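Trainee: Single-letter residue listing:
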Amino acid sequence: MPEFQFIGKPTDRVDALEKVLGTAKYIDDYSLPGMLVAHTLRSNLPHARILRVDVSAALKIPGVVAVITCEDFMDHGRFGYPIADMFMLAYQRVRYVGDGIASIAAENKAALQLGLDAIQVELEELPGVFNPLTALNASTTIVSEQPWDAPEYPRGNLLTHYVVRKNDPQNELARCPVTLEEDYSTMHQEHAYLETEGALAVPWPGSSGVTVYASCQSPFINRGNLVRTLGLGEDNIRVIQPQVGGAFGGKDDLMYQISGQVAKLALLTDRPVKMILSREESLIASYKRDSMQMHVQLGADANGKLRASQIHATVDSGAYASITPFTAWRSSIHAMGPYRYDACHVDTDVVYTNNGYSGAFRGFGNTEVCFAIEQAMDELALMVKRDPIDLRLQNCLRPGDTTPHGQLLGDDVSLAECLEQVRKLSDWKRKHAAYTRQAAEPLTPGEFRRGIGVAAVFHGMSLGAEGVDFAVGTLTVNSDYTLTLTSGLTDYGTGSRTAFTLIAAETLGLNPQRFNMPRPDTDLSHDSGPTVASRATVLGGNATHVTAQRLASLLNKSAADLLGCREDEIVRHGELYIGPKEEPATFELVVEHAHKIGLTLTSRGRWSSPEIHWSMETGQGKPYFAYHFGAQVAEVLVDTGTGKVDVTGFWAVHNTGTVIFPQGACGQLYGGIAQGLGYALMERVDYDNGYIQATNFDEYLIPTALDVPDIVGAFVEKPFAAGPFGAKNLGEPGVVPTAPAILNAITNATGRRIRSLPASLERVLLGKDLRKEGSSTACKLGLN
Amino acid sequence: MKLQFNLNGCHVEIEAPADTSLLSVLRDYLGLTGTKEGCGVGECGTCSVLLDGRLVNSCLTLAAQASGRQVVTIEGMSLPDGSPNDLQQAFIQYGAVQCGFCTPGMVLAGEALLASNSQPTRLEIREAIAGNLCRCTGYQQIVDAIQSTAQKRQEVNPNA
Ligand code: FES
Ligand code: FES
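Just so you know, the protein sequences line up as chains F and A, in that order.
When we follow the numbering used here, the leftmost residue of the first sequence carries the number 1, and every step to the right adds one.
When we follow the numbering used here, the leftmost residue of the second sequence carries the number 1, and every step to the right adds one.
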């Protein structure tokens with residue numbers, strides 16, 4: 001591997017200083033003179049026709065300055081990508097508990113509350129659709145309408161359907177000596193970013209335009225929606241991203257609505273307007289990771305060689321499409337796991353219901369299917385009496401293999417290395433043998449038992465064949481010899497700004513301290529599509545690399561002219577430019593000389609991902625240009641008296657390619673695993689007839705420092721040819737295999753298999769639910 | 001009602017309704033926005049401050065309860081020249097900061113622990129920050145940062 005100056009070396013995160021000092025500005029930390037506060041009145045019914053919204057009484061309340069509904073937006077504020085089925089405020093119907101109906105701006109919180117109470121809303125309740133498995137029945141109510149510009153969506157409550165097709169698995173299954181057929185189900189998961197959603201809109205003089213500070217992931221998409229729904233030109237809207245207190249995929253659609261609401265209120269009142277959601281409102285109104293019901297059939301030879309898989313999945317998209325068509329497509333592509341099959345079919349139905357709504361969440365559809373397939377692999381290992389890691393090694397994709405989608409893989413595939421390494425690191429052989437022996441012995445009630453479990457992951461990079469995939473970066477040399485770097489991909493805590501800075505510094509041979517990276521701003525950076533689906537490192541990193549190379553070549557020309565030599569004779573030492581004869585020149589001298597000879601020291605670079613293609617009809621193609629691979633092992637201690645599970649050890653080996661920002665890479669891995677641990681054991685978003693049952697952190701439990709063990713992480717740094725300096729993405733895959741690794745460990749400890757998430761006490765103890773479902777009154781709307 | 005307390009070493013006096021939380025006084029009345037609100041019900045710890053040296057959730061503390069006492073917020077942690085103290089520096093160095101929303105509370109939780117236990121084990125550190133949620137880091141690098149600071153302080157001042 002080549003030696004780098006900056007890449008892979010310990011570095012401080014670019015914005016860490018202001019964050020430890022407490023001076024970093026998040027959206028609620030902004031306050032302006034004359035600023036109004038805003039709030040949105042939300043539906044308390046899961047499905048209803050809006051008969052009347054009368055805001056006249058509210059407008060008479062002293063201190064209430066403006067009230068808006070969908071009528072205040074162009075086309076009722078309709079937006080959404082890839083399917084425009086949402087509105088800035090509900091139009092004609094509300095489709096989930098928490099759907100926004102009207103927004104108020106007021107002088108203070110007291111007036112705001114009085115105004116909210118004075119809005120008169122008449123709703124006619126409609127039957128709701130709550131069971132995704134019956135959503136497609138002919139007699140079921142229809143949740144969504146057909147958007148006029150997307151006649152292919154939806155068909156009844158079927159939002160969309162995806163297939164993967166290789167040969168005929170039923171044929172193969174009939175001939176396999178070993179077959180497995182099981183159902184697995186996952187539950188919605190809340191992102192639980194510690195900062196709730198919020199936005200501040202500042203009108204321009206005479207309401208000629210508006211600047212929106214929004215805690216969101218994709219400022220350009222936000223601006224696009226505002227342009228369409230406010231009826232202003234692109235030049236009249238600016239979206240700036242302040243520090244974002246976590247997102248994990250969760251700060252898109254709801255944030256776009258909030259941005260639209262405050263922008264409209266600011267334009268109407270000609271005053272700054274801020275809206276911040278309470279935790280309760282955030283939990284009720286925000287979208288979640290989708291829930292999935294999966295039916296899995298596997299067939300293998302007697303020795304465990306996989307032959308066939310047939311998988312059917314139903315994805316609950318809830319009331320709106322959001323980006324679920326993309327996440328569900330990713331689910332289909334990854335449903336069979338990173339293994340070789342002679343035959344494989346996947347069918348995924350994405351359905352509308354009135355259970356909140358689903359959207360992007362780290363893992364992006366892969367987390368759900370990995371939960372099923374990686375447990376099924378362990379069940380198969382038991383049936384053929386093989387060690388779970390051996391079984392995976394026997395079947396896993398390797399360089400030069402062809403995936404069930406028909407994609408020929410390159411030499412970057414390193415799942416086998418990840419599995420081998422994690423086996424060694426976790427002392428797997430000894431522990432697995434010991435715990436398996438113990439599990440065979442009769443259980444004394446109350447006994448503590450240990451178990452160990454593994455899970456593997458592959459994760460396609462970037463958006464894949466469905467999305468636009470490019471990123472743009474710019475670089476400017478400033479008059480004080482610092483450099484300004486921009487990227488349209490945002491950093492909402494993931495550390496991508498630091499990674500981009502290191503890539504630019506490495507390419508230019510300049511100290512990272514010289515660079516500054518302003519926060520994303522639609523006026524200062526270039527549209528780079530959504531910041532979702534593990535796009536940042538490879539796309540944004542490559543765009544930065546291309547941009548930096550262009551600037552480097554300008555600087556080299558200047559240096560060659562200054563030093564009286566050819567460009568290719570220049571040697572770099574630290575920041576110095578050294579030619580064959582003259583004294584070495586500093587960066588400052590080279591910049592001054594460039595100005596003298598008239599060169600403009602700015603550059604702009606764009607990088608598009610290599611060609612990919614997918615046929616929705618044949619279910620074959622090249623869905624992603626490459627994949628990330630990884631393997632995780634969990635060790636658990638189960639209290640068989642109470643069902644309590646402690647994760648006592650965790651090992652993770654991921655094929656990241658070159659690691660650019662080591663502390664950041666480890667942090668992404670540990671953070672992903674902690675979210676996966678919560679998903680496995682405690683995080684519960686129950687929708688009871690459309691009402692979410694947990695509305696704050698006292699009911700929605702996420703892991704604390706005591707729940708997460710010390711994690712041993714390692715990276716397989718085989719350089720990835722198409723990545724910047726050989727890097728692959730890392731932000732998402734860490735969360736994907738964690739839950740199945742933990743559930744496999746629980747089975748290893750207790751002999752009981754839990755096929756539904758989360759593995760709560762009673763499920764571990766009894767293998768079934770005791771919990772009586774909650775009631776709609778448990779769902780507090782949190783408007784006060 | 002009139003409230004007075006010592007905030008980060010300075011005497012402050014303000015007028016606020018009796019039911020105002022300490023968090024609201026800090027953020028809305030005094031403009032100190034380093035203290036965050038993540039839940040408002042005492043579950044997340046982003047609003048942590050030190051009250052007479054003890055870690056409390058300022059969202060559940062009435063400002064009146066702070067009357068006449070010492071309050072330390074994240075704004076009071078840095079060195080006199082505005083640079084980060086050793087614990088804050090360790091948070092940067094160990095990568096303990098991602099989105100940063102939990103960071104002020106975590107730093108204060110770390111300080112509160114180190115004030116009463118100069119050589120905590122990793123488990124003791126985890127217990128001390130268990131009331132402070134972090135959704136980004138998985139906690140490991142935060143534990144590393146607090147542990148290394150304890151060790152360094154011990155080297156500098158072995159009798160602490
Ligand atoms: S805001 Fe005080 S504990 Fe969450
Ligand atoms: S760094 Fe984001 S919550 Fe801790």
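The set of hints was computed from the structure by calculation and includes no laboratory data.
For clarity, every value in this text was computed on a predicted model and none was experimentally measured.
For each residue, glycine too, the CB sits at the ideal point set by N, CA and C.
Any given hint might turn out to be false.
[Claimed, not checked] Derived PhoX-like pairs (lysine-lysine); straight-line CA-CA distance at most 25 Å:
| no. | chain 1 | residue 1 | chain 2 | residue 2 |
| --- | --- | --- | --- | --- |
| 1 | F | LYS431 | F | LYS109 |
| 2 | F | LYS557 | F | LYS644 |
| 3 | F | LYS557 | F | LYS429 |
| 4 | F | LYS424 | F | LYS305 |
| 5 | A | LYS152 | F | LYS9 |
| 6 | A | LYS152 | F | LYS109 |
[Unchecked claim] Distance ranges between label pairs, derived from CB positions:
| no. | chain 1 | residue 1 | chain 2 | residue 2 | range |
| --- | --- | --- | --- | --- | --- |
| 7 | F | ASP401 | A | VAL156 | 33 to 41 Å |
| 8 | A | SER67 | F | PRO662 | 46 to 54 Å |
| 9 | A | ARG153 | F | LYS596 | 47 to 55 Å |
| 10 | A | ARG153 | F | LEU443 | 33 to 41 Å |
| 11 | A | ARG122 | F | ASN303 | 27 to 35 Å |
| 12 | F | GLN170 | A | SER148 | 55 to 63 Å |
| 13 | A | ARG122 | F | THR141 | 48 to 56 Å |
| 14 | F | GLU182 | A | GLY53 | 54 to 62 Å |
| 15 | A | GLN119 | F | GLU234 | 40 to 48 Å |
| 16 | A | VAL156 | F | ASN516 | 28 to 36 Å |
| 17 | F | MET383 | A | ARG122 | 56 to 64 Å |
| 18 | A | ARG153 | F | ASP117 | 30 to 38 Å |
| 19 | A | ARG122 | F | GLY641 | 22 to 30 Å |
| 20 | A | MET1 | F | PRO127 | 46 to 54 Å |
Trainee: If a hint holds in the structure, say so; if it does not, say that too.
Mentor: Hints, verified against the model:
1. Restraint check for LYS431 (chain F) and LYS109 (chain F): the C-alpha separation of about 58 Å exceeds 25 Å, so the hint is violated.
2. At most 25 Å may separate the alpha-carbon atoms for a hinted pair to count; LYS557 (chain F) and LYS644 (chain F) exceed this at roughly 66 Å.
3. Annotation: proposed proximity of LYS557 (chain F) to LYS429 (chain F) is violated, straight-line Cα distance about 59 Å (limit 25 Å).
4. Distance hint between LYS424 (chain F) and LYS305 (chain F) is fulfilled; the C-alpha atoms sit about 23 Å from each other, no more than 25 Å.
5. With a CA separation close to 23 Å, the supplied pair LYS152 (chain A) and LYS9 (chain F) stays within the 25 Å bound.
6. Among the hinted pairs, LYS152 (chain A) with LYS109 (chain F) is inconsistent with the structure: their alpha-carbon atoms are about 47 Å apart, more than 25 Å.
7. The hinted window of 33 to 41 Å between ASP401 (chain F) and VAL156 (chain A) is violated, with their beta carbons roughly 56 Å apart.
8. Between SER67 (chain A) and PRO662 (chain F) the Cβ separation comes to about 47 Å, which falls inside the hinted range of 46 to 54 Å.
9. Remark: the range hint 47 to 55 Å for ARG153 (chain A) to LYS596 (chain F) is upheld by a beta-carbon distance near 53 Å.
10. The beta-carbon spacing between ARG153 (chain A) and LEU443 (chain F), approximately 47 Å, falls outside the hinted interval of 33 to 41 Å.
11. Separation of ARG122 (chain A) from ASN303 (chain F) is about 44 Å and departs from the stated range, judged on CB atoms against 27 to 35 Å.
12. For the pair GLN170 (chain F) and SER148 (chain A), the beta carbons lie near 58 Å from each other, so the given range of 55 to 63 Å is met.
13. Between ARG122 (chain A) and THR141 (chain F) the CB atoms are about 54 Å apart, so this pair conforms to the stated range of 48 to 56 Å.
14. Taken as a hint, the range 54 to 62 Å holds for the pair GLU182 (chain F) and GLY53 (chain A), whose Cβ atoms sit roughly 55 Å apart.
15. Under the hint 40 to 48 Å, the C-beta atoms of GLN119 (chain A) and GLU234 (chain F), about 59 Å apart, miss the expected range.
16. The given range of 28 to 36 Å is respected by VAL156 (chain A) and ASN516 (chain F), whose C-beta atoms sit roughly 34 Å from each other.
17. Our hint of 56 to 64 Å for MET383 (chain F) and ARG122 (chain A) is violated, since their Cβ atoms are close to 40 Å apart.
18. Take ARG153 (chain A) and ASP117 (chain F): their Cβ atoms lie about 54 Å apart, and the range 30 to 38 Å is violated.
19. Against the hinted window of 22 to 30 Å, the Cβ-Cβ separation of ARG122 (chain A) and GLY641 (chain F) comes to about 27 Å, which satisfies the hint.
20. Between MET1 (chain A) and PRO127 (chain F) the beta carbon distance is about 53 Å. The supplied range of 46 to 54 Å therefore holds.
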